[in-house]
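K.L.:
Sequence:
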Amino acid sequence: MVTVSPTPAQAWSYALHLPHDPRAPRIARMTLRAVLPAYGMVELLDTAELLTSEMVTNAYRHTDGPAALRLRATSARGVRVSVWDTSPHIPAPFDRPPGRPGAPSPVPPEADGGRGLGFVRQWADDWGGFPLGDDPYGQRGKLLWFELTQPCTAPDATVAAATCPVVSGGPR
Numbered sequence: 001m002v003t004v005s006p007t008p009a010q011a012w013s014y015a016l017h018l019p020h021d022p023r024a025p026r027i028a029r030m031t032l033r034a035v036l037p038a039y040g041m042v043e044l045l046d047t048a049e050l051l052t053s054e055m056v057t058n059a060y061r062h063t064d065g066p067a068a069l070r071l072r073a074t075s076a077r078g079v080r081v082s083v084w085d086t087s088p089h090i091p092a093p094f095d096r097p098p099g100r101p102g103a104p105s106p107v108p109p110e111a112d113g114g115r116g117l118g119f120v121r122q123w124a125d126d127w128g129g130f131p132l133g134d135d136p137y138g139q140r141g142k143l144l145w146f147e148l149t150q151p152c153t154a155p156d157a158t159v160a161a162a163t164c165p166v167v168s169g170g171p172r
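Residue numbering for the sequence shown follows UniProt numbering, beginning at 1 and increasing consecutively.
For the record, the hints were derived by calculation from the structure and aren't laboratory data. Just to be clear, a hint being listed does not mean it is correct.
Unchecked claim - Cβ pair distances, simulated, as ranges:
# : residue 1 : residue 2 : range
1 : Arg96     : Pro37     : 30 to 36 Å
2 : Ser75     : Leu50     : 20 to 26 Å
3 : Arg33     : Asp125    : 16 to 22 Å
4 : Arg26     : Ser75     : 24 to 30 Å
5 : Pro22     : Arg140    : 20 to 26 Å
6 : His17     : Tyr39     : 18 to 24 Å
7 : Ala38     : His89     : 32 to 38 Å
Where a beta carbon is used, it is the ideal one built from N, C-alpha and C, also for glycine.
Build the full structure now, drawing on both the sequences and the hints.
P.N.:
The following block contains the structure:
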């Protein structure tokens, strides 16, 4: 089931419930391909697809239950992608504040996995996670999220000052 929340311009939200199915990562990527370009966020698409695919794949591989994907505008140029699953375990890097990510976990070169969530640390602008208590259906689990923001491409400083947030001394 897909839920669309119609709200004022540039404030939108989509939710997708995913069964425990190996096709879930592909369906999540297809959803991103439909939504992000519709809101002018084509520049974020490749990174959003990769990070979302990693998170939904982990939800499938490391739990026995369903998952859910939520896409929400954070601004006219940004998106927050959230993935819920039924495991309460918060993996790295989501178990640390984004400003203090700590040392990356060493992954042997011959390992078949273990690198995916490290991509979040490299490419997301912000991320987080938190465990969830019981819901009305007896499901527990966690919610992991990341945010991506397109670079400001305003034609001049006057437009940039009006449309681009100032981060660390300059438009982002």
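K.L.:
Range hint 24 to 30 Å: satisfied by the CB atoms of Arg26 and Ser75?
P.N.:
Given a distance of about 28 Å, which is inside 24 to 30 Å, the answer is holds.
K.L.:
Evaluate the given range 16 to 22 Å for the C-beta pair formed by Arg33 and Asp125.
P.N.:
Distance hint for Arg33, Asp125 holds at roughly 20 Å.
K.L.:
Between the beta carbons of Ala38 and His89, is the distance compatible with 32 to 38 Å?
P.N.:
holds, 34 Å
K.L.:
Determine whether the Cβ-Cβ distance between Arg96 and Pro37 falls within the hinted range of 30 to 36 Å.
P.N.:
holds, 32 Å
K.L.:
Taking 18 to 24 Å as the hint, is the beta-carbon distance of His17 and Tyr39 inside that range?
P.N.:
holds, 21 Å
K.L.:
Do the beta carbons of Pro22 and Arg140 sit within 20 to 26 Å of each other?
P.N.:
holds, 23 Å
K.L.:
Cβ-Cβ distance between Ser75 and Leu50: within 20 to 26 Å?
P.N.:
holds, 21 Å
In summary, this structure violates none of the numbered hints.
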